[in-house]
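Based on the sequences and whatever the hints tell you, model everything.
Chains as they are written, first to last, in full-length UniProt numbering: chain A, 1 to 475; chain B, 1 to 244; chain C, 1 to 200.
Treat each hint with caution, since some may be false.
Examples of chain C residues toward chain A, derived with CB under 7 Å [claimed, not checked]: (1) R13; (2) P26; (3) R132; (4) V133; (5) L145; (6) I158; (7) L181.
Hint data in this document are derived by calculation from the structure and do not stem from the laboratory.
Glycine included, every Cβ here is placed at the ideal spot set by N, Cα and C.
Next come the chains, spelled out residue by residue.
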Amino acid sequence: MTTFLGMPATAPRGVGHLRGDQPFPRAAHDALGDSQLRRNLRHATTTIRGKSGRVIAELPDWQRLRDAGSAIKADVMSRLPDLLAELESRVTEAGGVVHWAADANEANRIVTDLVRRAGSERVIKVKSMATQEIGLNEALEDAGITPVETDLAELIVQLGDDKPSHILVPAIHRNRSEIREIFLRAMPGVDPELTDDPPVLAAAARRYLRETFLSTSVAVSGANFAIAETGTLGVVESEGNGRMCLTLPDTLITVMGIEKVLPTWRDLEVFLQLLPRASTGERMNPYTTMWTGVTPGDGPQNVHLVLLDNGRSAVLADTVGRQALHCIRCSACLNVCPVYERTGGHAYGSVYPGPIGAVLSPQLTGIEDNASLPYASSLCGACFDACPVKIDIPSMLVHLRDKAPHPPAERAAMAAAAYTMSRPRLYAYAQRAAKMARIAGRRGRGLPPPLSGWTAGRDLPEFPEQTFRDWWAQR
Amino acid sequence: MRIAFFATCLADTLFPEAAKATVRLLERLGHEVVFPFDQTCCGQMHVNTGYQTEALPLIRRYAQTFDRYEVIVAPSGSCAGSIRHQHAMVASSHGDAGLAARSASVAARTYELSELLVDVLKIEDVGAYYPHRVTYHPTCHSLRMIRVGDKPLRLLRQVRGLDLVELPAAEQCCGFGGTFALKNAETSTAMLADKMTNIVSTGADVCTAGDSSCLMHIGGGLSRLRTGVRTVHLAEILASTEST
Amino acid sequence: MSTSRELILDRIRAALRDAPVAAEVPRDYRPAGTNTADLDVLIDRLADYKAEVHRVGAGEVAATAARLAGEGGAVLVPPGLPAEWRPEGSFADDGLTPERIAAAGAVLTAAAVAVAETGTIVLDGSPDQGRRVITLLPDVHVCVLRPDQVVASVPDAIARLDPRRPLTWISGPSATSDIELNRVEGVHGPRHLHVLVLDS
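Written out as structure tokens, the structure is:
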């Protein structure tokens, strides 16, 4: 692929985690056969849907907050260059250093160089989708630097040599007894009497990480938002691992997608209401840290911000698809998605699973690299209703399907169907001819794919003696 | 009232009883039903599978066929949804502003059956009799695309002899999704399995909905498992009387 | 300036060639000043997220904090804490090492703002609240709130706060929902949060 300088570009291949090894239906096959996984997912998504629904119902102005959130994001996209430049100025004035990374490789290089310059062989990490996306941990390891994930779920994934399967709760596919087994197997110094009681598991993580927090001089984080007007960055979290990373080290490196910028301080009054209620189903998450550059004597004294493109400009170039950049990574769409609930996140191949992943990943990579994802939805619309910033995911899925490469046989069949249906007499003739299909029987024995996919679990309807059209003509 | 009937290609071809029931019901309520023969398909399958260019002639045909009518009804929330939410959008994204305007105008006059009855004809008791235990599945496009809300339930509650039982997790998709059922057959079937479990748990002998497509999917599964539960389109229940 | 900066900005400008014009942001949600703060709501929401609430007079702060620090636990305080609140035997942060901070039986601070509707207290690093690290490492955080610091909603808090200060929003003790999406209190931050609401 030729890339012209200055033209929107997709995320490069060979680095990061935006592309799966196999198409969605094949990847989903294994997950669908794993009854433990299905139970874990159902339990987790049912729990979160209930919690979220209850705290959202407490706010009389939830729909108006959604409208405001949606409009703020659209405004951000329309003047993104100016807002990024403003953010850069404010962060710099406050003592921070801003870096620009055109893609994953450049971001990884910038972070690796900064860690080396700080003289550290280890970094502590706050859970961050952006650094997952670019494969930062692998890049650091290649450079001899040990990244330590400090979020409990990320730690479970890292110790289990696993992949994240949910935006908010990367180990959602694991239940308590599986987590206990992972800790017993891979957590240095763990109490062999460890039980699977969640508070006991959380305490084990506390003990294991405390020394690491106190002895590591560099942290890497993402950011939930950055305020252009003030240069303020924010991380929303629960456990306090974020506070540890954002407070204790000398050097803090934050990697943030360019779409995360918000125009004004006041805009936070909208997003700090939308995000916790939509994501963890809490009125407010336990901890949110906000910092503006360097505060002398308090927290990291070397503060860096890496602004990441990695395909976002290509998403922005699609007038329909750019809405995917409004996402605030709350996971509400995953939690209500009937497809996600049954397949889990790994089937999507990308670090961005679920409905938002099905529209974001193919746009970040170019649709040819994730062509099956826009079809990984029944278009039921639950995601649109759940989205706190009202991203119309179903319409975007339909739009991306139109841009996706189509199998030649399907294309021919669709063209033939459209040809027939554009001609009422031919259509009526075809309807009668279709009755011949009754030969297949209701179980559809011998039908070729993809029709055999239907009859694997469903009978065919009985063909009627007479179409409605013929009945009407005879009345 | 003179009502133009868009039968939908699926009901026309595979589920004529749902289409006939719509006609019988509206005529029994004293309305004139016309069936323009030039109609075929709304093009939803094409649009939703990624073939907007191929759908364009079907969208044009729908607008041409139905533009002359004041009120149009379709026995499908999904087709009504496609007409209302996709036709003008597809036309305009393909640079046909004239068609987009015409499609938007026709779409505004196109109703799903329960909407026509409750919102336009202002009737909830259609005088039906249907002595069965029935559960209602709100199809996704009825629920979230055109937002019929509880209109179908209000109609069903007035049906004499009918024992309406609530479907657990009713708002969850049945897994049909058009070509999704073929392209992601295993996921679709997993969703269907849960839907069937919920339907069977109600003890209903009939599962009804406003879309023949979802009913084909659910009914195909219920039949394969020999559950004994039948799927019947909402129109067929509302058209039933003590004499039928 | 890095060339990637120009490259990215050029790409974004090219992506926005259609020159989208965003509609004005509708802000008809409940803005700052809509409701007056309700102390009972705050207390209810704090308790719901497992913070312990104590109603005390200003003269009782020191003794309460000392009691909460437990037997033999010294109370750590920020350098600018009002003298009348300081328990006997407490020690002030003057650039202490993390190890010394972590060894405190409890840390006692003031707060900048509290949000009733969400059960949140916000620290802004003022002298009576101190460096962020002192409220992070001890296992017990005792936070004193004056009733006039309580606002009704998030917009009210945003309007009061200065973003140029380091801000920590705290809603209950450290918690996680990472195991089966059930909230479990007590991970890396203080496992016990006590809020002393002063009598007005």
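Evaluation of the provided hints:
no., hint, result
1, R13, "holds, 6 Å"
2, P26, "holds, 5 Å"
3, R132, "holds, 5 Å"
4, V133, "holds, 5 Å"
5, L145, "violated, 16 Å"
6, I158, "holds, 4 Å"
7, L181, "holds, 5 Å"
Going down the numbered hints, you'll see the structure goes against just number 5.
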